[in-house]
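Work the whole structure out from these sequences, hints included.
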Amino acid sequence: MHALLAVPFLGALVLACIPSAHMRAVRVVGVLWCCVPLAVAIGLFVQDDTGVSYTVHAPWIAWTVGGTAVHIPWHVSLDGFSMPFVMLAAIVCAVSGVAGFLLTKRWKAFYVLLLLLTTAVFGVFVARDVVLFFLFFELTLVPMFFLIGMFGKYGRERAANVFLVYNGIGSAVLFLAVVLLIVHAGSFAVVGTPTMGNSFTSDYAVIASNLAAMPHDGMHTVLFWLFFLAFAIKLPVFPLHTWMLRVHGEAHPAIVIVHSGVLLKMGAFGMLMFSFVLFPEVLRGAASALAVGAVVTIVVGAVMACAQKDVRLVFAYASLSHMGFVLLGMVAMNDNGVQGALFQLVSHGLISALLFFAVAVIETRTQTSDIASLGGLGQPMPFASAMLMIGALAALGLPGLSGFVGEWLVLVGAYDQWRTLTVIATGSVVLSAVYMLRVVLGIVFGPPPQKHRADVRTIEAFPMVFVAACIVVLGVYPSVLHDVTREATKTIVAPYEQLVDVGGGV
Amino acid sequence: MDFVASAWMVPMLSLLAFGVVIMIGERGKAWTPIGSTIVSGVAAIFACCVWVQQWQERSSYTWAEWRWLTMGDWPVQFGYEVQSLTACMLVIVTMIGALVQLYALSYMRDDGRKTTFFAYISLFTCSMCGLVLSPNLLQLFIFWELVGLCSFLLIGFWFTKPAAREAARKAFLLTRIGDVGLLIGLFVLYHAMPNNSLALIDVHNAVQNGVIPEHTVTLVALLLFFGAMGKSGQVPLHTWLPDAMEGPTPISALIHAATMVAAGVFLVSRTYDVFLASSTALLIVAIIGAVTAVLGAVAALVQRDLKRILAYSTVSQLGLMMCTLGMGTQAALIAALLHLLTHACFKALLFLAAGRVIHTVHQQDIEELGGVRNVLPWTTGAFAIGALALAGMVPLSGFWSKEALFAVLLQGGAVWVTTALCVSALTAMYMTRAFVRVFLGTLRQKNVRASRDIPMGVPLGALAVGAIAIGWPPMFARLGAQLGEGYPHTPAWLVATSLGVVVMGIAVAAYVVRPRVIVASTRARQPSRKKVVPQRRFSGTGARVASILRVAVWDWVYRNGVVRPFQAFSRGMAQLDQTLVRACTEGIGTCTVLIGKLASRAHVGQLHVYGIWSLWGIVALLCFVLWKKV
Chain A
1 MHALLAVPFL GALVLACIPS AHMRAVRVVG VLWCCVPLAV AIGLFVQDDT
51 GVSYTVHAPW IAWTVGGTAV HIPWHVSLDG FSMPFVMLAA IVCAVSGVAG
101 FLLTKRWKAF YVLLLLLTTA VFGVFVARDV VLFFLFFELT LVPMFFLIGM
151 FGKYGRERAA NVFLVYNGIG SAVLFLAVVL LIVHAGSFAV VGTPTMGNSF
201 TSDYAVIASN LAAMPHDGMH TVLFWLFFLA FAIKLPVFPL HTWMLRVHGE
251 AHPAIVIVHS GVLLKMGAFG MLMFSFVLFP EVLRGAASAL AVGAVVTIVV
301 GAVMACAQKD VRLVFAYASL SHMGFVLLGM VAMNDNGVQG ALFQLVSHGL
351 ISALLFFAVA VIETRTQTSD IASLGGLGQP MPFASAMLMI GALAALGLPG
401 LSGFVGEWLV LVGAYDQWRT LTVIATGSVV LSAVYMLRVV LGIVFGPPPQ
451 KHRADVRTIE AFPMVFVAAC IVVLGVYPSV LHDVTREATK TIVAPYEQLV
501 DVGGGV
Chain B
1001 MDFVASAWMV PMLSLLAFGV VIMIGERGKA WTPIGSTIVS GVAAIFACCV
1051 WVQQWQERSS YTWAEWRWLT MGDWPVQFGY EVQSLTACML VIVTMIGALV
1101 QLYALSYMRD DGRKTTFFAY ISLFTCSMCG LVLSPNLLQL FIFWELVGLC
1151 SFLLIGFWFT KPAAREAARK AFLLTRIGDV GLLIGLFVLY HAMPNNSLAL
1201 IDVHNAVQNG VIPEHTVTLV ALLLFFGAMG KSGQVPLHTW LPDAMEGPTP
1251 ISALIHAATM VAAGVFLVSR TYDVFLASST ALLIVAIIGA VTAVLGAVAA
1301 LVQRDLKRIL AYSTVSQLGL MMCTLGMGTQ AALIAALLHL LTHACFKALL
1351 FLAAGRVIHT VHQQDIEELG GVRNVLPWTT GAFAIGALAL AGMVPLSGFW
1401 SKEALFAVLL QGGAVWVTTA LCVSALTAMY MTRAFVRVFL GTLRQKNVRA
1451 SRDIPMGVPL GALAVGAIAI GWPPMFARLG AQLGEGYPHT PAWLVATSLG
1501 VVVMGIAVAA YVVRPRVIVA STRARQPSRK KVVPQRRFSG TGARVASILR
1551 VAVWDWVYRN GVVRPFQAFS RGMAQLDQTL VRACTEGIGT CTVLIGKLAS
1601 RAHVGQLHVY GIWSLWGIVA LLCFVLWKKV
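Residue numbers (the numbering used here), protein chains in the order written: chain A, 1 to 506; chain B, 1001 to 1630.
Check each hint, because a few of them may be wrong.
Simulated pairs of lysine-lysine, BS3-like, Cα-Cα distance not exceeding 25 angstroms [stated by the list, open to error]: (1) Lys1161/B with Lys451/A; (2) Lys309/A with Lys1597/B; (3) Lys153/A with Lys1597/B; (4) Lys153/A with Lys105/A.
Hints are computed from structural coordinates only; laboratory data are not their basis.
Small disclaimer: the values here were computed from a predicted structure and weren't measured.
Below, the structure written as C-alpha cells:
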C-alpha cells in the first residue's frame, strides 16, 4: 500500500531530474508515470474485494515536553471507506496527466507538480492520524497553487491567490481544530504509566474512542464547527464558494479535472471523518440547520448555473449544486444518505473529469469556452460531442449513468428526516436538466461552424472512453462501488443511529 | 422452447443491435441498418411467441434475482416479469419498432447519420421493452428515463436545425418535470412500504391489504400520475408532443404509437391497484384526461401542419384513455388498454402514411397540399383506413375499442360519456378535414413522382391490415378477456349514438371543408394562369379563433409565466453572486493579499523558483522525518 504514496512521489523526483529541454521525454514519462498509480490502485482494489483492509500502524514521531508526551504514529489504512476515494484519485490524476498533453508549455513543471499532488491526495485519503491527515491536506495546497497559477487564462494568478488565501484560512482553522482535538481527546494511557493526561496521541482511532466515551460538552460543539468551517470552504458550501468559481473559470482544464475531480472530495471526506463521525451528538442538534444549508447550496447553485455564459462556470455552479447533495446525504447520517454521498462524490469526480476533458478538447480547437460563440460541434466533432453529452447526461442524473444512483440514495436517505427539504432538492433535478441541456444543446446542436474543427486524437479519446465506461458501469451496476463502502458506512452510521434511537427522532 | 421465461431476450436483442450499430458507426451504413431491422424483426417475432405462449398458459413469470443495489438492509432486485399486460405491450412495442425500422430504411436512405438513427431506434425499443418488463418500480423508473432520453435524441436528430433543438429541449424538460413527480412518488412509496420494497407485486399486496394509510396512497397515486402526465402528454404538460414533430416522421410514429406516450398509460395500468384504492386520485385522473381529450381535439381541428394534427389527435386520444382509467373499474383498465393497442396500430399507420406524403411531396402544410390521391393512391387508401379507424367508424378496430371506452364511461356517469362523444365528433371532423385537404383536390406541386417503395409499402400494408383486423369482435373480446375479467358491453343505443355522432362529424367537416380544385384556364392568351375555385372556409371570427388557438396558448403561458421570470431571477442571482457575495467573502482575501504584498518584497517573485524551493523543502522534510524514524 505504501507503493501508492511512494510511486507518484518517486515519479516527481525522476521527472525533476530530466532536463526540461527534453520535452518529448518529459511528456512521455509524465503521462506513463501518472498511469502507474492507477495500476497500483486497481491492483489493490481487485485484491481487496473480501473487505480485508490494508493497515500500517507504526510509531513515527514522539517527543516529551515537561512530562507531557506527544505521540504521532504513522497510521495509514486503506479500508472500504477510503478505497473509492483512492480509486477515484488514481483515475482522475491519470486522466489529468493525459490532459496535460494539451498544454502548450512547461510540461515538466506540470507533471512534477501533478505527481506531488497525487501523492498528497492519496495521503489525505489513507491517513488515519489527525496530524498526518493535516500534513497531507496542507501538502495538496502547494502544488495546486502553482498549477493554477502557472497554467490557464489571464486571470489565473489572481485565481491562484484567491485559492491560497481561502484555503489558507481553512487550513488555519483546521490547524487550530487539530491541536484542540488532540489536547481535548488525545490523551491515552501508555502501558506502565498509571495516570492519564500526560500522554497525547494524534491517532484517529484513539481519539474517536475517547470522544465516544466522553460526556458531551461545549468543547465538542466548538470542535465540530471548527472542522465544519475548515472543510466547508473546501467542499464548498454556499456562500464560501467564490474561490472555486475562479479556479474553474481560469485554470487550465487539465488542472480543473484534478481540482474538481478530487480536491473538492477531500472537503467532504474530512467533514464526514472529523465533524460528523466524531461528534454525532452535535450533529444531531445541527442536522436540520445543515440540511437547510445543503438544500440552499443545491438550489442556489442550480439556479445560478442556469444563467452562466461560460461553459466552465456552468460546470462550476453545477459542482456546487452537486456538493450540496453530498452534504445533504452526509447530514442525514443514515445508511442510504451516507452511501449516497460517497457514491455521489465518486460519480461527480468522474463526471467532472469527463466534462472538463471535453472542455479541454473543445477549447484547444476553438480557443473559447463561451457558449454563445460555440455551437454545432456535433457535426465536425461527433466523438467529443458524444462524450460531452454523456458527461452532461450523467451530471443531470440520468438513470443508467452514475449520477442518478448517488442522487437517488441521497434523496431517499434525506427523505427519512426532512420531507419538504427533500422535495425541494428533488425539484432542482429539473434545474440541472435545464442548465446541462443548455450547455449541450448550445455546444453540440445548432448550425455547424464555418471553420474546420478536427475531432479528437487517439490519446485524447482514450481517457474519455475510459472515464465514460466507468460512469456507465457505475450507473448500470452500482453494487461494484456500493458493496465496497457498505460495511464501512455501517460502522460510521451506527453511533448516530443509536443516538437517534435512544433519544427518539429529531 | 420456453419463450415466456426467456422474455429477456427481447430487450437484449435490441440492446445488442444498438451496441453493434453504434460501434461500427458510419462505416457500416450499407448494411447495419438492414441488420438492425432484421434483429428488430426477430425480436418482434420472439415477442409474439412470448405473447402466444403466455396466452395459452395464462401464467405469469417473474425473475428478479439480480441484486442491483442494497439500500440499507434491503436488496433492490432487478429482473423481468411477464404477464398478460406486459406480454401484450411487448408485442405492440417490438412490432411497431420493427415496422418503423423497415420504413426508415427507405425514409432515411440519404441521411448522413443513418446508422446513428437506427442505433437510437434500437435503444428506444430496448428501453421501452425494459420498462414494460420491469418487476420493480425503480427499474421501471430507470427505463422510463431512458425512454425519455431516446425520444430526446431522436426528436433532436436533425440537430443542426434550431427548431429541432428547441423541440428536443422542450420534450426533455417537460417530461423531466413529470419524472420528478414520479421520483418523489417513489420516495413516498419507499418509506410507506412495510419492507422498503418497490417491487410491483409487493406494492400490489400492500395496497390490497390496506397496509398503507389512505392519504399516502392518494399521494402516491397522484405523484405516479404526474409522471404519467409528462410522458403521455396530459394537460398542462402536453406542449412538447406537437413540437416533437420536428423529428423524422418514423420517429413520430414510434413515439406516438408505441413507446413514449404509451409509457404513461402503461404506468397507470401497471400500478392500477394504487389508483383503485384512492377515489380522489381517480377523479383527478378522469378530469385531467377529459380536459386533455377535449383541448387536444379542438387544437387538432385548427392546425395547418399535417403532422401536428396527428400529434394533437394523439394528445386527445391519450386523454380519453386516461379519462377511462379514471373510472376505476377493472373494465376501465381493459378498455383503456384495448384502445391503447388499436390506437398504436392506426396512429402508426397514419404517421407512416403522412411520412410517405411528406417524403414524396416535400410539404406538410395542409393548405399547400391537395390531390395527393393522384400520386399515391395506395397511401391514400392506407390513410383513409387509419383516419376512419381513428374516428371510430364501424367495422374498423377503432370502433370496437371506442365502444368499450364508451361503455365504461357510461357506467362512470353521463358527463364522461357526453364528453367522449363530443371528442369523437371532433375527431371525425379534424380527420375529415385533413383527409380532404391533403388527398382530394388538385396537386399543386410540380414534378412530383412517386416510385414504388417496398420498405415503405410493407409497413403501411401491415398496419392497415392491423387497423382493420384487430377489432374483429370475437378476437377482440378474447383479447380483452386475456387482459382481465369484465370486458365491458355497450348498450345498442350508445353504439347507434356514437356512430351517428361520427357520421355527423364527417358530414359537417366534409360540407365545410371542400377539396381545393385548381382548374387550368383554357384561354390561349394566358395558358399558365390558374384559377382557384372559391370555396367555403372558416368565417372571419372562426379563422381568428383558429389562429389564436394555433399559436398555442400554453406555450405563451409557459414562456411568459415561467421561463422568462426564471431567466431573470437566475440572472439576478448570478449577478448577486458575482458581486455581493464575492465582495463580502473575498474582502478578507484582498486584505490579506495587501499585507502579503508588503512581505513579498523580500521574495524573488518568480513562480518556478518558489516551486523548486518547495520541492527541496519537501525532500529535506522527508529526510528529516525518515532520519527521525530511524
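Do the hints match the structure? See the list:
1. Distance restraint check for Lys1161/B and Lys451/A: the Cα-Cα separation of roughly 18 angstroms lies within the 25 angstroms cut-off, and the hinted pair is therefore satisfied.
2. For the given pair, Lys309/A sits about 33 angstroms from Lys1597/B by alpha-carbon distance, which is inconsistent with the 25 angstroms threshold.
3. A C-alpha spacing of about 22 angstroms is found between Lys153/A and Lys1597/B, which places the hinted pair at or below 25 angstroms, so the restraint holds.
4. Distance restraint check for Lys153/A and Lys105/A: the Cα-Cα separation of roughly 13 angstroms lies within the 25 angstroms cut-off, and the hinted pair is therefore satisfied.
The earlier numbered hint that this structure contradicts is number 2, and it is the only one.
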